[in-house]
Every structure is written in C-alpha cells, then in structure tokens.
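One-letter residues, chain by chain:
There are 4 protein chains.
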Amino acid sequence: MSTYNTAFTSDNIAGVSPQVLEAMARCNVGQADPYGRDDYSIKAEKMLSDVFEKDVRVFFVTTGTAANCLSLSALTPPWGAVLCHHEGHINNDECGAPEFFNSGARVLTLDGTDSKVDPEALKWGVKYRVGDMHSSQPSTVSLTQATESGTIYTLDELCVLGAITKNAGLRMHMDGARFGNALVALNCSPAEMTWKCGVDVLSFGATKNGTMSAEAIVVFDKTIAQEMSFRRKRSGHLGSKMRFMAAQMLGYLENDLWLRNARQANAMAAMLKSGLEKLPEISLIGSPEANIIFCKMPTYCIDKLLAQGFRFYHDRWEPNVVRFVTSFATTEQDIQHFLSAVNQAVGYAQAV
Amino acid sequence: MSTYNTAFTSDNIAGVSPQVLEAMARCNVGQADPYGRDDYSIKAEKMLSDVFEKDVRVFFVTTGTAANCLSLSALTPPWGAVLCHHEGHINNDECGAPEFFNSGARVLTLDGTDSKVDPEALKWGVKYRVGDMHSSQPSTVSLTQATESGTIYTLDELCVLGAITKNAGLRMHMDGARFGNALVALNCSPAEMTWKCGVDVLSFGATKNGTMSAEAIVVFDKTIAQEMSFRRKRSGHLGSKMRFMAAQMLGYLENDLWLRNARQANAMAAMLKSGLEKLPEISLIGSPEANIIFCKMPTYCIDKLLAQGFRFYHDRWEPNVVRFVTSFATTEQDIQHFLSAVNQAVGYAQAV
Amino acid sequence: MSTYNTAFTSDNIAGVSPQVLEAMARCNVGQADPYGRDDYSIKAEKMLSDVFEKDVRVFFVTTGTAANCLSLSALTPPWGAVLCHHEGHINNDECGAPEFFNSGARVLTLDGTDSKVDPEALKWGVKYRVGDMHSSQPSTVSLTQATESGTIYTLDELCVLGAITKNAGLRMHMDGARFGNALVALNCSPAEMTWKCGVDVLSFGATKNGTMSAEAIVVFDKTIAQEMSFRRKRSGHLGSKMRFMAAQMLGYLENDLWLRNARQANAMAAMLKSGLEKLPEISLIGSPEANIIFCKMPTYCIDKLLAQGFRFYHDRWEPNVVRFVTSFATTEQDIQHFLSAVNQAVGYAQAV
Amino acid sequence: MSTYNTAFTSDNIAGVSPQVLEAMARCNVGQADPYGRDDYSIKAEKMLSDVFEKDVRVFFVTTGTAANCLSLSALTPPWGAVLCHHEGHINNDECGAPEFFNSGARVLTLDGTDSKVDPEALKWGVKYRVGDMHSSQPSTVSLTQATESGTIYTLDELCVLGAITKNAGLRMHMDGARFGNALVALNCSPAEMTWKCGVDVLSFGATKNGTMSAEAIVVFDKTIAQEMSFRRKRSGHLGSKMRFMAAQMLGYLENDLWLRNARQANAMAAMLKSGLEKLPEISLIGSPEANIIFCKMPTYCIDKLLAQGFRFYHDRWEPNVVRFVTSFATTEQDIQHFLSAVNQAVGYAQAV
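Line by line, the protein sequences are chains V, Y, D and C. The letter at position 348 of the first sequence is residue 348 when you use UniProt numbering, and the numbering goes up by one with no holes. The letter at position 261 of the second sequence is residue 261 when you use UniProt numbering, and the numbering goes up by one with no holes. The letter at position 115 of the third sequence is residue 115 when you use UniProt numbering, and the numbering goes up by one with no holes. The letter at position 282 of the fourth sequence is residue 282 when you use UniProt numbering, and the numbering goes up by one with no holes.
These are calculated hints, taken from the structure and not from any lab test. Misleading hints may appear alongside valid ones.
It does not matter which identical chain is used: a pair holds within one copy or between any two.
Said to hold, decoys possible - Cut-off 20 Å, straight-line C-alpha distance, at most; resulting in silico cross-link-like pairs (EDC-like, lysine to aspartate or glutamate): (1) Lys-273 x Asp-315; (2) Lys-127 x Asp-93; (3) Lys-196 x Asp-114; (4) Lys-43 x Glu-157; (5) Lys-304 x Glu-157; (6) Lys-166 x Asp-315; (7) Lys-127 x Asp-33.
Build out the structure end to end from the sequences listed, making use of the hints.
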C-alpha cells in the first residue's frame, strides 16, 4: 500500500527552486552594504525595470501580506476605502493587516463572477458616498491576478477596470501573489498586464513560484517611492542583509526561471483538471486557468484520498467542495499518481 | 598599493555562516506545512527551549525592528510608555516603528553611563506620572544586551534592573540584537541573562551573528503567546515557507555555531582594541566588551584610512569619534591588515 | 400659502431641552475642578448609578461616534472583530472610526430581519474562524437599541443574544444613541435592558433626546474603567470644563425629563404612522416602534412635500423609500400640519 | 478666619462668560442642520475669516487636544516628526495623543530659553536625519503662543522661526490654547501673529478664555481642509448639534469679548506679579507676559496658603516652585485678597 502523500493544499508548501538557492549561495561572498544599497539589489531593480519595460522602483519584503498592505497604505489615506472582490485575500485572510497598516482604512467589497470584479460593480464602488464625510472614501482598487480561485482577468478586462478606476480619480493596485501563473496563461508581457492597464503598484509575488521569501513591491508611479521606503522601515520590513533577497529575485528572473516555473504549475493543474473532468462523480467549478482547481467531490471519495495521506482543503467553502493547488515543484508523476488514486476512490479503477 | 578594503561599519555587512546556508539547503526537500507548522519550526522551538532551559514559545521574524516592536506591542498598552536608555535602538533608529506597532505608545528615555540604564533613573522612570491620565503610563522596560555602544550589563546589573521593573509592576523586554556577543563575554547561561533576571520577552538576534534573516521572538511569559501570533500575522511578519527560517536557526544553534561566531567577533574586537590602545594618537572611549569599539582618532588619520578604502562610521556622534564593528566573519588577517594601516596613518610605521 | 417647513431628517436637528440649558446655566457659578473631578460630574455618575441600579463608571464624551468607538476599543483587541448588524451605524456611518480607534479591528456584519441581529447569525459569527491567525477574531458584539430603522429588541431577544455572546466568551456593547426611545417603548427598567442581559458597556445617548452634546459611556464591567480614562484622553475626548457636560446629564435625568422627551418623540412617530397608514398610496415598511418611520411614497407626493419646504431623506435606501424621524421637540401641531400636507399631496384632501 | 478659596491652578477652572451662555441660549430656537451646515456655523466661519483677514476654513472641536492633534495629523505623515519645545503641551500632557492621531509620528523636542524654541535649535531640528530612512522625518513645527510658562513669542521671533520652517520645506502649526492672552499682550493683529509669520494651521483656543467647550481649528492652508473634515469625523469630533459650538464662538468674538477677557486675565496676572515681586521671600521666575506666573516661594508660605484653602500647583517642576494662573473670571478683589494672604503668610502683614 502506498504511503506516497503529495499535498495540494497550497503552492506555499513547495520548497525553493535550486537555481534560487544557488543564487543565494553565490552572493554569500565578502561584505555588502545593508538595507538595499548593495550591488545585487541594484541589479535586481534594474532587471525588474527590464522585465516591466519601465524604470520602476522596487522594494523587497518577505511576505505577500507586507507587499499588499504597504502598497495599499501608500495609495490610500486613512479615511479611504480599498475596493476589491469579496473573495480578495486582503479582505479575508490578513487578520486586519490592511486596516492596521493604514490606521483604519476600510475594505469595500465588490461582487463579480469567477472571482473577478464586475465592471458595473466597480462603477458603483468608485462613487460610493464620495464626499460624504460619514463614510470612508473610495481611494484604491485592488485586483488579484490570478484570482484567489485560479481565474485570470483578460487584458481587456483589466483595461476596462483600469479605465473606470482612473476616470474616477482612484489608484490601482495589483495583488500578484500568482502573477507568473497569470502571465504565462495570458501569454502577454508584464507591462501589458500592469501599468499599461493602469496599475500603479504591483505586489510581485515570487515566493509561491520558487523563491524562499522574496516578494517585490514594484512601484510604477514613482511619486510614492520615497514614502514607501519609510513605510517599509517603520513596519519592520527593511531587511539588513538585503542582498540575499535580491539574489533570490535574480535567480528567479534569470533565464526566465519564473516563467518556466509558472508554466509547470499551470500545466500540472491542466493535467489534473483534464483527468478529473473525465469522472462523472466529480464536477469542476468555474473555469480554472492558472494553478488552482475547485471541484465538487463525493464525501466517500474525499475520505478515501485523505486516508491515503493525500492532503487538500475540502468542505471549507461549501460541502463537498475541494481545492487543489499545484506548484512549480509538482511533477507529472505526482499528478498521475494522484489521478490514479482519485480514479480508484470513485471506483473506476476496477471498471477500466 | 593595497586595494584591500575591509569595512567595519556594522556586523550586518557580513554574509551568512556556511553552516546556516547548508541547513537551509538541507531542508529544501519535499513539501512542508507553511506558517510554522512544519517539523523544522517545531524542532527549532524545542531547541531554543533547551538553550534557555525553559519551555518557551518562539516566533520567527526577519528583522530586529519586527522582533523588538512586536515584543513591545504585546507588553505595552497603547497609552503606555516604554522605558529605555536614550541611546536605545528603539529610540533612535526605528523611524517611529515602536509607536506604529502600538498605535501610539511612547518611548520614555533614561540616562546611564556606558549606554546602560542607571538604576536610579529607572526607579524614577517606573513611577513617572503613574495614574496621571494626561501622561503615557510606564509599562515596559527595554534593555539592549549588548548595548548599542558595545558595553554589557553584568548579571547583577540586570537583576537589579529586573527587580525594580517587577516591583513596580512593569514588564521587561531585552533587545538581543547582539545577544550572543554579550553571552560569551559574560560567560553565563542564556537563562541567567534573561528570564532569571526578569526578562519576559527576548528579541533573540541571529542575523548579525551568522544567519541570513532570522530573528526569534522568545516568549518566556506565555500569557502573551497567543496575541503574538495574531500580531505577527497582521503586521505582515508571518512567513509562509517558515521552514527556511527555522533551518537558519537550527544551523545557527547546532554545534554551538552561534557561540563560536560570537566569540570570533568579540576576539577580533579585542585584538583591534589592543592594537589601537597602543597608539597615543588614538583614545578609546568607554570600555568595549563585545564587538563594537568607539574611539577618538585625528582627522588626518580618518582621512588616510578612508582614502585606502577602509570604511567605518566617523564624526557621527561627535567630531573625530569613530566606530568599528567586527563580526563572526572578521579574520585575524583583516585586523592585522587594518591595524597596520592605522599605524601607518598615524605615522608609527616609520618609527618601528 | 404655507411656508412652514418642519424637517424630519433626523432627531439631531432639534435644539436642547430648556431644562438642560437651565442646568448648564445653573452650574456656571464660581470655579470647578476640570476633567471630571468636579461635584457635578460626581453627582451625575451617582445619578446614573441609581438609574441603572448598579455602581457604574461614567465617561462623558460629546459625540456618539466617540462613545461607540471608545467603548469598542476597550472591549476589542486590535486583531479582534466587532460583530454587528449590517445596518449598524458603526458599520456604515463612521468613516472608519471603529478601525481607527482600535488600530485596525474589523467589523464583521450579521444579518437579521427588522434591523435586528438574528440569533442564528450570531451563533455563526461568534465562532467565525476562531483560532485562525489569518482572520480577525470575534471579540465583541454590538447591538443598537433602538435600531437604526426604529425597531426595538425585546428583552427576551436581548437576553438570547447576550447569552450567545457570553457563552462564546465575547463581550457585549450597546449603541444606545436612542436608548430612551427604546426604553419607554419597552416600558422596562434601564437595568433590564442592559447589564441584566449581558451588556458590558453602554453608549448612553442623550444628544438626540434633549441634551446639547453629552453622551455617556456607562461602564458596567469595571475592569475596563481605568483604561477607558486613558483612551478618552488620548483621543482628545477629555473635556476640561466637564461640569457643563455633567450638568447637561443632570438636567436630562432630573424629573425624568429624558423619559418624557422620549415618550413625546415616540408618540409623535405613532401619530404620524397612524395618519400615514390610512393612505393607500403610502405603505409603511417594517414595524416602527420608536421615533423612526420608513415608508414607500409615490414620487409625485415626495416632490410636492419637498416643494412646500418639508424635509426628509428619500430615495436613499431604495427608490421611493422615505424616512421620517421625530424628536422630543416635535409637536402634535407639527404632525397634524405635515399629515395634512401629505393628504393633500396624495390627492385626498379634495376627496374628503 | 477666611474660608475664601480662590484657586489659581489653571484657567480651565473658570466657568463660561455670560455672553457666551446667552449666545447658546439664543440659538436654541427651532431646527438646524447638523454637522456644521447650519447658519451659525457658517456665520462663525465668516467671522473668523474677518478676524484673521483671510478666507479661512474652520473646524470646531471641543478640546485643545483634539485641535492640536487633528492639526498635526493633517500636516505630518506617519513617518514624520513634529518639532516643538520640550515644554510643549503636545510633548508632555497628551498621553500619546499626537502619536495616536497620526499612527506613530514622533515628537522631536527642541530647547530654548523662556519656553520658546531657539532659532538655532530649530535650524538643527529641521535637518535632523533628513533622508535617513531609519529616522522619523522632520515635517511640522509646532509653536505654543502664549507658551506653557506664560511667555510670548514676539512677532519678530515668530517670523524668524517661520522662515526657518518654510525654507526647510516644513509646515507650521500654532498651539493657541492661550491665543487671546498672547495677542492682547503683543497688541498686534491675529493675521500678524499667524499666517503672516508662516502658520499653516492654528488651534484657536477659546475654552480657557470664556467659552464652554469650543476650540476652532483655523486652517489657513486650504489644501488640507478636505482631509480635515474626514479626520475630524473619524476621530469622533464631528458634533451633531454644531450650532451650539458655533454660537459659543459667535458670543466669544462678538463685541471683542475674547479680547476683553484676555486683557482681564493678563491684567490680573500683572497685578499679582506686581504684588509678589515686592516680597523678598518670593522670587519671580522668567518674565511672565500673559496670565501665568511662576515663582519660588518658601515652604512655610506655601503651606499657610494651602491651609487657608487657596489652591495652586507647587513643587511640581522644582522644589518650592509655584504656578499661578489667572483667567477672565479673576477679579481685582480675588488678587487683593490673595496678595493679602501671601503677605500675611510671609510675615509682612505685621510689619506693615
């Protein structure tokens, strides 16, 4: 009996890409100025400017929470509201961090199918009680790309939302915890998916896709760059040995590792999806495009898989709804092995 | 002519101990639960419990600012005051972070020679306007060990300050950014230097002494452990791939690497001090015991050294005052080379 | 043609009861200690203790926002969540004040008919992601009595909600901006409507019902009294000439002025309701019990009334929904005059 | 034996000028829009614009703490520092309110004789660690006029400090808790003492000089007016029945009541000073110019006065240092009576 137990709980359970670890080891030579004044940090900022085809300012932090909340606090006054989809990570999974970083700015949630903000909802949101001093003022729109459920805004959708945002005089943030997964799925350029659609600040996630603990706040609108440096410091996110964060980013970007990693994660999700949709007992939910799959699965099947040591989130959103997340480290063998177990669990193995 | 340019600006310009990097590489195998629920994190907490001879709760963060400010925010109400020496890092170099983390708690500074809080000053401070609702209320005492100027509280001094603190009903925090350097200088146990003197929470610094970006908040008073976990999350300091922070700590603690590293840093400072005090043009300030040396140096000498590419802070505190910081990575050769340059600079080389 | 233009926009457009103004004038004699140490303040606290049949601690502030947010900040840690009905004033009309006062605590909204929190919703809410460090922790339940739509929790309803709150280990706050209106409608004692049901802290509103700018934070759970005094000061709500706030409260409580005022407001709403429900063109919404009435009214009727100078909120919640609020200062003549205008507006005058 | 017990502890122990109370009563007629949209509020803003010879925006609040901290929070980013004299009220008596209102901005204290900021100290302060991300950035200068010890900046002194402030790119706030007392002493115009010297926002204190609880934030730089309205609301300082605050201000300004009140307070202090300086046992400290006097007095004298029921602060700053504060309500008889008691206490009565 198998004791193999691949988990699909999240992409943050993977380790680190070997190339990233090597880059970190490579920079462990001699002395380097602290706090981002080292050559590696300068080079990483330059490299991200190249990636985004724009002269950007980059602030490394170690978590997505920090990247998102620092970005939002620089874009939003304390009496402001951040508009996001009600499934947004900043709305559900930050233990009040956005409110803390900004001394009380509120999150105003919007609806939309496939976890994507609906343009009509946004049009309502950007005007919500504007000028009414009894209500937090719409200030910033935050979009997650890819979304928390694995769907992806098309470039057209992003540009429509960006235009609504900018016409209303608001600022735009992108939570790119899974930026790479979205990018390779859309097969577009990083510039097209960000500032060309109106994004002012991007949380450029890398940890889920191969680094150890390096997220980059990529600032397209440089008017907020200086305050970002003070905000990062006073929230305890200015690392001293910054070269190692920069090295992670360099290893991540060099030779398109990040794109290859994202493609692998997405491909493994597609392979899993393809296997699952053949099973009538299992029904896929929505149209997953990146590395996250939601589906409905019978309880006896969930139980059998758990009993074999597989791990994934289930019955958290609705009864019998399960979520599978793949990562750069997921292999074809992992998927085959798991699909085989699912097949067995739903009783198909015998039939074949 | 030499182009060798060892810097003595800080101990954060060093890289990472090879053993730490190896421990990180070693844990990069397979999947691991995120957010500190992995085996490495559990092991590291256990190991720190052994080190401190007490069942402690450990919270990893990546910066000393985070370790200090999270600790202080858990110990101090928003209307409270944190008492520390006026040279304290939390008073001078955090860009308002302690106030931010705690929504406005103030720092009340105390005097004392050799950068150490004077017991009489503390006795005054713990009673400062207690009960007066127009003034922030003394709540927490924060001591830096080793201090910002490289001096070290003796165990007796710590216990006296701890008793004053506890008798007044206040809590005690230790900023241990250079904890190892102090410990090996005192040649005592970690327990003696902390909870046995009354310390409730310790910022156990490791980054300056060999890790990459791993500081541990060591909680001796477990009543605040639960809130610490929420506070860490909402400030963006809950890392997902926590195993790599734990691995750093494991590599740091195993085989007493941390003590060996600290001894090396201290020994190099002692060697430097010994060389400098032979030179009448140079006068040492205070009585450095760890890995920081302050001295007065003639301007022409400072200029010569800088011109040769040596780097250190000077003329920042007072005219002609310079600071040298050694680290675990400083070698005897570094010191000899530098002393030789200092000798030349003050004109002694010719005489010898 | 009439130029009479009684407004029904809110009960805060009324002036001050003459008895309150007289009490203020009466205390304007000689010197008095500031900050609540005067005789009037002490007497007012005593009088409220009598009113509530309990030895309470009282903190005067000048606005309901301050009363609510100070109360909530004392009951809720920064990583906590305040549970309230989604129509709650603290959720909709405070411009982020609850989040500001508490450095980021979030509001978690609950459903329920007639603007009252549903017990089943509360049972779900008090357990919402308890122990999950990624989510704000349920800490405080805040109920508005009378509610924002003029309905009133029965004592049984309050006690059920109180029991759920307390069994889950949470604290309970009551927003009593219209406390008097609810009390006289229920015809119960202040004690029954508060601490006997589990209320820990009450925002005892008085401004809408006859005072000028005096709200009392009534603290039943004295363990938070001391911190309240620091919280009030640091938010700028500790008035120096406190005797005048106390005098307002004395004038308000003496000879049951507050109860008489509340009865007048409620009676005027009942009279208005009685007149409106006779008109088939107008349909009442819900079952108003205090001094607020919601109804649906045809647009031509709204327009006619506005044209005559009557003022009220309309088309704010849904098309054709209007709100009328009466106050202690509303007279029978005001209501008769207005009803007559409504009759005319809907075309009944001619018919009669 | 006398039971007469005039207190000189502060000017906030006085009641309210009758004219102010009358103005409040006069406006208690009919309905009025809440939150400052009433005619009285509009008129009061207009009247202050006339007083200051500039089109100002006015925000009423009920305490000086609120006026100061809202002003500072609008002028200073969270990573900023507010520069003030070390004796400044915002530094000593606000229980962390400035830090709370601004989510952590720090106070950087400056020295200077007679409680006035020294220009050289300010020149140092405005440059303190500018650009260093480890330190709060100098942002706002706050001057108290009259100072906490009763001295007064001359117009020349104000203009020199204003020029230093503005040349460095900082903003300027004036804490005018005793603005009237300073103004009549200088015999200049309100414009000269404020915006003509560079003041951007003024806390125009009125409570100590005759109103009940009305302070005006007078905004000269209108770019911050909009955010002030949100900041006031979210800190709980937007009063609903604002007309009564406006009425206080109208009563205070009409017929120059405020100037007459301030002259009376100052004259009474001068009379007291004149009487005290004749007594060799008593030595005046500094050069009081407004309504506060500090002097040294023998312990036996202090004790005798206290025993007779007189009240004043003593031995709070240094042994035998006492403070006397007069107000608009202090009469010549009060001073004569008290001076006679002091004479007796020091033993002169018999001699004369």
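Hints, verified against the model:
Proximity of Lys-273 to Asp-315 under the C-alpha cut-off of 20 Å is restricted to the intra-copy arrangement: shortest distance 19 Å within a copy versus 48 Å between copies. Proximity of Lys-127 and Asp-93 under a CA criterion of 20 Å is satisfied inter-copy only: 16 Å between copies versus 26 Å inside one chain copy. Taking the shortest Cα distances, Lys-196 and Asp-114 never come within 20 Å of each other, neither inside one copy (23 Å) nor across copies (47 Å). Neither within a single protomer nor between protomers do Lys-43 and Glu-157 lie at most 20 Å apart by alpha-carbon distance, with minima of 33 Å and 47 Å respectively.
With identical chains, the CA atoms of Lys-304 and Glu-157 are never at most 20 Å apart, being 40 Å at best within one copy and 45 Å at best between copies. For a Cα distance limit of 20 Å, the shortest separation of Lys-166 from Asp-315 qualifies neither inside one copy, at 39 Å, nor across copies, at 28 Å. Neither within a single protomer nor between protomers do Lys-127 and Asp-33 lie at most 20 Å apart by alpha-carbon distance, with minima of 47 Å and 24 Å respectively.
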